[in-house]
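S.K.: Listed below are the residues making up each chain.
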Amino acid sequence: DSGVTQTPKHLITATGQRVTLRCSPRSGDLSVYWYQQSLDQGLQFLIQYYNGEERAKGNILERFSAQQFPDLHSELNLSSLELGDSALYFCASSVGGQGTEAFFGQGTRLTVV
Amino acid sequence: QQQVKQSPQSLIVQKGGISIINCAYENTAFDYFPWYQQFPGKGPALLIAIRPDVSEKKEGRFTISFNKSAKQFSLHIMDSQPGDSATYFCAASSTGAGSYQLTFGKGTKLSVIP
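Line by line, the protein sequences give chains E and B. Heads up: the first sequence begins at 185 in this note's numbering, then just goes up one per residue. Heads up: the second sequence begins at 3 in this note's numbering, then just goes up one per residue.
Check each hint, because a few of them may be wrong.
[Unchecked claim] Okay, the calculated bits of chain E under chain B, using three or more residues with CB under 8 Å as the criterion:
{"#": "1", "segment": "231 to 240"}
{"#": "2", "segment": "284 to 296"}
[To be verified] To list a few chain B residues with every Cβ distance to chain E over 12 Å, as calculated:
{"#": "3", "residue": "I20"}
{"#": "4", "residue": "I22"}
{"#": "5", "residue": "N24"}
{"#": "6", "residue": "Q74"}
{"#": "7", "residue": "D86"}
Because the hints were derived from the structure by calculation, they are not lab data. Even glycine gets a Cβ: it sits at the ideal position worked out from N, Cα and C.
This is chain B alone, in the form it adopts within the complex:
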């Protein structure tokens, strides 16, 4: 079963703090790892993505850390703001295997309090 396990289920962070969300996968054929942000009533929005040939990717306040040997990756949100309050999904896919579906984690509901 291709699974992506995401934790924690919910997270409360003070404004200005660092939010950290973790994901683990089993399928070693996965080679594309995006993070999506979803606000209530909206569709998931692509935030940042990484390939396994790099260990870290940073875009603004968002950083993905990737550990290939541990089959884990995480999203760090620096200087978290109330506007970051949303549900975050990690995902994974295998771009070379003929089936390019994204397998999603269950999501993390982030609340950033002032």
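In isolation and in its complexed conformation, chain E is listed as follows:
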């Protein structure tokens, strides 16, 4: 157990809908990263937050947004969902903001039908 908690584990939703994925980082970790894993693209970095502020942005679609709250948990919001958004979404956390020693949660499997 990495100590990073993601909910829900599975999510099935229809095209056009909006969903929210939640991540609780390890105790003491200030940084949260979101990654998308798909069969064709592999693990792709979406966005990083450090102590409540956005630190880095990767290949994140405009339909996706995230935030980190004062208690350091983070949410990833996916809207206007398309079939191609079906993937595993992982959250990772680390103590510092430099991406080292990043520990991943078990992921949320999103299926868009």
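Chain E is already provided as a structure; the job is to place chain B on it using the hints.
M.R.: Just chain B now, kept in the frame of chain E:
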């Protein structure tokens, strides 16, 4: 484009043998190179990591070899066991550049047969 190229895509090794997975990178600003292990239905788990100031790092049966001039690094799993069967990802990041995202290789599916 920041890329990390990983090979082979899949690997079958006999129990007790040595598993070797290779990665190559292009971005000379990368200065942190971790390896992750992922079992089906689980998230990637940090296995071992290296910085470019050392050429080798060993933790138990797992060793990272790093060749800075060739921009290559590899994972060696000694005495491979069936429980090592998983997908392995190499990754790289630049910790001093302001964007600390991990860039992952495509993964290697390792099967260790008895």
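S.K.: Would you mind marking each hint as holding or not holding in the structure?
M.R.: Hints, one by one, checked against the model:
| no. | hint | verdict |
| --- | --- | --- |
| 1 | 231 to 240 | holds (count 3) |
| 2 | 284 to 296 | holds (count 8) |
| 3 | I20 | holds (25 Å) |
| 4 | I22 | holds (20 Å) |
| 5 | N24 | holds (16 Å) |
| 6 | Q74 | holds (19 Å) |
| 7 | D86 | holds (19 Å) |
Violated hints for the displayed structure: none, as all numbered hints are satisfied.
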